[in-house]
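Novice: Chains as they are written, first to last, in the working numbering: chain A, 126 to 479; chain B, 4 to 502.
There's no promise every hint is true.
One side only, chain B facing chain A, incomplete, derived with CB under 8 Å [said to hold, decoys possible]:
(1) A445
(2) E453
(3) L461
(4) T468
If you are wondering where the hints come from, they were derived from the structure by calculation, not from laboratory data.
It should be emphasised that the depicted structure is a prediction, and the values quoted were computed from it without experimental measurement.
Glycine included, every Cβ here is placed at the ideal spot set by N, Cα and C.
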Amino acid sequence: MTLTVTAGDRALLVDAARGFARRELLPAAARLDHGDREATHRCWESVCALGLDRALLDEEAGGAGLPPGVWLALIEELAAAEAGLALAVALHALALRALPPDAAAAVPTGARWALVPAPAARDHIVLGAAGADGLVLGGHAGGPPAVLEPGGDWSVTADPRQLGLRAAPAGVVRSDGAVPPAGVVRGDDAIPPAGVVRGDDAIPPAGVVRDDDAVPPAPAPAVEALLYAATAAVAIGIVRRAYELATDYAATRHQGGGPIGHYGAVRQMLAAMAVRLEARPRMPAEETDLRAALAAKVAASHAAGRTTIDAVQVFGGSGYIADSGVEKLMRDAKYCELYPEPNWRARARLLSAA
Amino acid sequence: MARLGRRAPDRTGSLTAMARLGRRAPDRTGSLTAMGRLDLRAVRDRARRFADEELAPRALELDARAAADPAAFDWEIVRHGAREGLLSLMVPKPAGGRGALAAETAVVMEELCAGCPGIALIFGANALGMAPLLLVGGLAPWDGVLAELVAAERRGEPELMAFAITEPDAGTDVEDPELVRRGRVTTAAHRVAGGYRLSGTKRFISNGSVARWITAFMPLDRTRPAETMTCFLVDTRSAGFAVGRVEHKLGQRACPTAEIVFDDVFVPGERVVGRPGDGMGATMMVLAMSRAPVGAIATGIAAGAQRRLLRWLEEDPAGAEALHDQHVQLELAHMEQDIRAARGAYLAAARELDGDALGGALRHPAVRLASAVPARVRRAPLAQRALRSARARDVTVRLLHRTTDDVRLTRALAASSLAKAQGADVAMRVTGAALDIVGLHAGPVRAELEKLWRDAKLTQIYEGTNQLNRLEVFRGLCHPQPMAILPPLHAAAVEAVTR
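Excised from the complex, chain A in its bound form (with noise of 0.2 Å):
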């Protein structure tokens, strides 16, 4: 069951989530980048001792219950201090959704599981999946998901190279098992109509994917429209992000005799970040409006990536290099652009999406 919460209580809680990603999560951004096992680790505690990671899980799965509206907010509070992480914990959320209430009150509390996306295609790095104890793949709207659980015949090969959000880390997904070889899904055109995992047929028709195929068919949860809205919350996280840091540079570096901010063509890139700011994407009013997650999506990484970029040009050589930690927020923007499907083919899909 869904709460009911008010413009105080959401205020509140968005307050807390800020406040906790100031305090845990900033600190430890350029080592969650660098891929920081400890650093991950004492994250990814500090949000399960909040809850955050069950927060959009109803109480009978053992979860909070929250709204997905103010579920977003969380997300982007989250994504403003540290975008990998917020799409992790957005990817466990969304995985456990997908889940019966049974199976996802089962998952220990600590352990990280990811959701694969619907749209990701065969030989592709899917993001989350890496170091994840479980994965759900599939899991759009009106499809039953199917769930590579811990144990089982699968493997995530790391991807070294990953551009960005690396605290989420990418991998490609293999199974020995019930699952096609070559990894998971197959995206755009290729999603059946009634969004079951597809590719070899071999995955049974049931929501689960177990040994023994035991398991009854699973609920189909609406998790799609989130993911994409998820998306588009971390997307606007890196927007804040990167405006904060820019003006923040721009008030403190000085070139010909006064600080950059000063001068044109310094605040008209300044300006085109607030502007992007204060005209954000709508978050979808329903949690299962997949054409309004679509166009969030969209809108929201294109901003982060054209804010980003500006960012960085605003720093100059500084931004560059890696101290600056404005550079992180480009590569974050730019796989916003292009999970979970890149935006030209979000677009093509959001015409025809319900």
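Knowing the structure of chain A, use the given hints to seat chain B on it.
Specialist: Here is chain B on its own, set in the frame of chain A:
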């Protein structure tokens, strides 16, 4: 030069030899442009083959190595380039080089960058380090450092150059004669017996940690940097010179970018490049000369991305499906449009530089005459003393005044800046669009495109941010306001301020 054998048989098939062959090809019109175009085609083909065979296959490996250790440097790839004559590309022929001007250099850089911009930057930064010697150094370097570099290249023990103007608190400032007056330049040189002592830190110096020689710009009086900026040829083996931090960059990693520290480094007076106090003008001329090739670097990045994308679309089953999508077809066409426009912009700028703006000085009868003097005569002590004298430096300035002017230089700087900004924006757009089409594909094409996208961003920043470059376009082309680029004709005026 004669000894090096301009007519020697082409055993190596090197770029140098290729260029020589090109120059002997029939020139029906007799015009420089026609001759240049003929050369450029052959040079482009040869450079592309080299980039395809030597640079592209190693691009990801060297990038990954430098990501793990920014100071990592692959001398083997430099030796490969040296065998192709890439380190002496711009060295005048009398000094044993190929004598390439801006257009030829730019074409080579485009093709190298389509292979790997990081590796190409090693050669580009080397040429940039040489540029002050070529533009304002007169004839003295021909038989000095340039001859040494050519000899090292031929021995297979290449040495590199670097160019150092940027400082921790002065980036854009030191690339603009007005901003520098109010900027925070913290390096300085002061006169001592027999030369100068240099102090301070330079930042973001490409090749900074591996260069043997660096052309470094410092004011003689920090309170008057515009009037007293001076270019020094620094031997990095000098006492007091040190490499600081090597930066962990987003891209173009195969070429290390370093902080370099001058702790009271002594530079002999004869290693002042040009006249003391002429440094800002020299900087602006170098930027005019180098920005068109940076436009070419960016164009090469875009072209490299488009080629990789096309190959994937044509050869990979996942790509084949996308190739039938009209969006992808239109995107490829848009890339083609952008790349051709960027190429046209840098070639136009480079031809302007090679023609009226700076080429006139290099074609001046006095320079041709000097070129004809046998090297052994020029290298005689008496001749060397004369070439390094204050009078010889004055002659170089007078020659510049006779062959060009501030109007032409301002326009050429603007055209070059336009090419740089245009190319850089195209590189970012094309690499980003190529990556969008490929998406999160697990194959090597994604890693290659991601690298080019990272590499592309730097082109919007170095050689002046694109914003600064557009201001040069405004000042030089939209609302012409000639800048004072040429050094003052009379040395006495310079001496007065620097004393």
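Novice: For each hint, tell me whether it holds in the structure or not.
Specialist: We went through each hint and held it up to the structure:
Against a cut-off of 8 Å between C-beta atoms, the interface hint on A445 (chain B) holds, since the closest Cβ of chain A lies about 5 Å away. Here the hint on E453 (chain B) is kept, as its CB sits about 5 Å from the closest CB of chain A, short of 8 Å. Restraint check, L461 (chain B) versus chain A: the minimum CB separation of about 6 Å is within 8 Å; hint holds. For T468 (chain B), the shortest C-beta to C-beta distance to chain A is roughly 6 Å, which falls under 8 Å, so the interface hint holds.
Of the numbered hints given earlier, the model fails none.
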